[in-house]
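S.K.: Sequence:
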Amino acid sequence: VNQYFCTEEVEGWLEKRGKVNKGFKRRYFRLFSNDVSEGPVYLQYFKNQSTKSPLGSIEVGKLQSGEQENVIKKLDSKEFSIFDGVRAFILRATASEEADHWVE
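In terms of this note's numbering, the sequence shown has 102 at position 102, counting the first letter as 1, and numbering is strictly consecutive.
Please keep in mind that the hints were generated in silico from the structure rather than gathered at the bench.
What you are looking at is a predicted structure, and each value in this text was computed from that prediction instead of being measured.
Even for Gly, the Cβ is constructed at its ideal location relative to N, Cα and C.
Each hint should be verified, as a subset may be incorrect.
As the list claims (entries may be wrong) - In silico PhoX-like links for lysine-lysine, alpha-carbon gap of 20 Å or less:
{"#": "1", "residue 1": "Lys-25", "residue 2": "Lys-78"}
{"#": "2", "residue 1": "Lys-22", "residue 2": "Lys-74"}
{"#": "3", "residue 1": "Lys-16", "residue 2": "Lys-52"}
{"#": "4", "residue 1": "Lys-19", "residue 2": "Lys-73"}
{"#": "5", "residue 1": "Lys-78", "residue 2": "Lys-22"}
{"#": "6", "residue 1": "Lys-74", "residue 2": "Lys-19"}
{"#": "7", "residue 1": "Lys-73", "residue 2": "Lys-22"}
{"#": "8", "residue 1": "Lys-73", "residue 2": "Lys-16"}
{"#": "9", "residue 1": "Lys-25", "residue 2": "Lys-52"}
{"#": "10", "residue 1": "Lys-74", "residue 2": "Lys-16"}
{"#": "11", "residue 1": "Lys-52", "residue 2": "Lys-22"}
{"#": "12", "residue 1": "Lys-19", "residue 2": "Lys-47"}
{"#": "13", "residue 1": "Lys-47", "residue 2": "Lys-25"}
{"#": "14", "residue 1": "Lys-47", "residue 2": "Lys-22"}
{"#": "15", "residue 1": "Lys-47", "residue 2": "Lys-16"}
{"#": "16", "residue 1": "Lys-16", "residue 2": "Lys-78"}
Claimed, not checked - Quick list of simulated restraints, FRET-style, between CB atoms:
{"#": "17", "residue 1": "Lys-73", "residue 2": "Lys-52", "range": "24 to 32 Å"}
{"#": "18", "residue 1": "Lys-22", "residue 2": "Lys-74", "range": "26 to 34 Å"}
{"#": "19", "residue 1": "Ser-53", "residue 2": "Glu-97", "range": "13 to 21 Å"}
{"#": "20", "residue 1": "Val-20", "residue 2": "Glu-97", "range": "26 to 34 Å"}
{"#": "21", "residue 1": "Lys-73", "residue 2": "Ser-50", "range": "13 to 21 Å"}
{"#": "22", "residue 1": "Leu-75", "residue 2": "Lys-52", "range": "28 to 36 Å"}
{"#": "23", "residue 1": "Ser-53", "residue 2": "Lys-74", "range": "13 to 21 Å"}
{"#": "24", "residue 1": "Asn-21", "residue 2": "Leu-75", "range": "15 to 23 Å"}
{"#": "25", "residue 1": "Ser-50", "residue 2": "Glu-15", "range": "16 to 24 Å"}
{"#": "26", "residue 1": "Ala-88", "residue 2": "Lys-47", "range": "17 to 25 Å"}
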């Protein structure tokens, strides 16, 4: 996630804290870009792995790489936040290594 361009496919299960209900829900996440060389990068989340339409997306690629360290923060060994300019999304992995993979 912490790259300006999406150069590899990253996808998998994470838990996302709700905007209204502060509990965590398990969602399937995919890092997505229309154009690797120029387009914005989105972290889309789905109800499950086979769902075609995302429940939502977080635009992470339009940010300049120098700004991203302030936007993507590791909260603890398994949790990290992504601030898209409007909202802070709190995400949680099942293991610290998995969280590190998403943050890198």
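S.K.: Does each hint fit the structure? Answer for all of them.
M.R.: Status of each hint after checking the structure:
1. Lys-25 with Lys-78: holds (15 Å)
2. Lys-22 with Lys-74: This hinted pair holds, its Cα atoms lying about 18 Å apart.
3. Lys-16 with Lys-52: holds (19 Å)
4. Lys-19 with Lys-73: holds (18 Å)
5. Lys-78 with Lys-22: Holds: Lys-78 and Lys-22 sit about 17 Å apart, inside 20 Å.
6. Lys-74 with Lys-19: holds (19 Å)
7. Lys-73 with Lys-22: Roughly 19 Å separates the two Cα atoms, so the pair holds.
8. Lys-73 with Lys-16: Answer holds: Lys-73 to Lys-16 is near 15 Å, not above 20 Å.
9. Lys-25 with Lys-52: Since the Cα atoms of Lys-25 and Lys-52 sit roughly 18 Å apart, the hinted pair holds (cutoff 20 Å).
10. Lys-74 with Lys-16: Roughly 14 Å between the alpha carbons, so the hint for Lys-74 and Lys-16 holds.
11. Lys-52 with Lys-22: Roughly 26 Å between the alpha carbons, so the hint for Lys-52 and Lys-22 is violated.
12. Lys-19 with Lys-47: With a Cα-Cα distance of about 16 Å, the restraint between Lys-19 and Lys-47 holds, given a limit of 20 Å.
13. Lys-47 with Lys-25: Measuring from Cα to Cα gives roughly 9 Å; hence the hint holds.
14. Lys-47 with Lys-22: Holds: Lys-47 and Lys-22 sit about 17 Å apart, inside 20 Å.
15. Lys-47 with Lys-16: holds (11 Å)
16. Lys-16 with Lys-78: holds (12 Å)
17. Lys-73 with Lys-52: 24 to 32 Å: Roughly 31 Å apart at Cβ, these two residues keep to the hinted range, so it holds.
18. Lys-22 with Lys-74: 26 to 34 Å: Violated, at about 20 Å.
19. Ser-53 with Glu-97: 13 to 21 Å: violated (30 Å)
20. Val-20 with Glu-97: 26 to 34 Å: holds (31 Å)
21. Lys-73 with Ser-50: 13 to 21 Å: For Ser-50 against Lys-73, whose Cβ atoms are near 31 Å apart, the range 13 to 21 Å is violated.
22. Leu-75 with Lys-52: 28 to 36 Å: holds (31 Å)
23. Ser-53 with Lys-74: 13 to 21 Å: violated (30 Å)
24. Asn-21 with Leu-75: 15 to 23 Å: Since Asn-21 and Leu-75 have Cβ atoms about 19 Å apart, the given range 15 to 23 Å holds.
25. Ser-50 with Glu-15: 16 to 24 Å: holds (19 Å)
26. Ala-88 with Lys-47: 17 to 25 Å: holds (22 Å)
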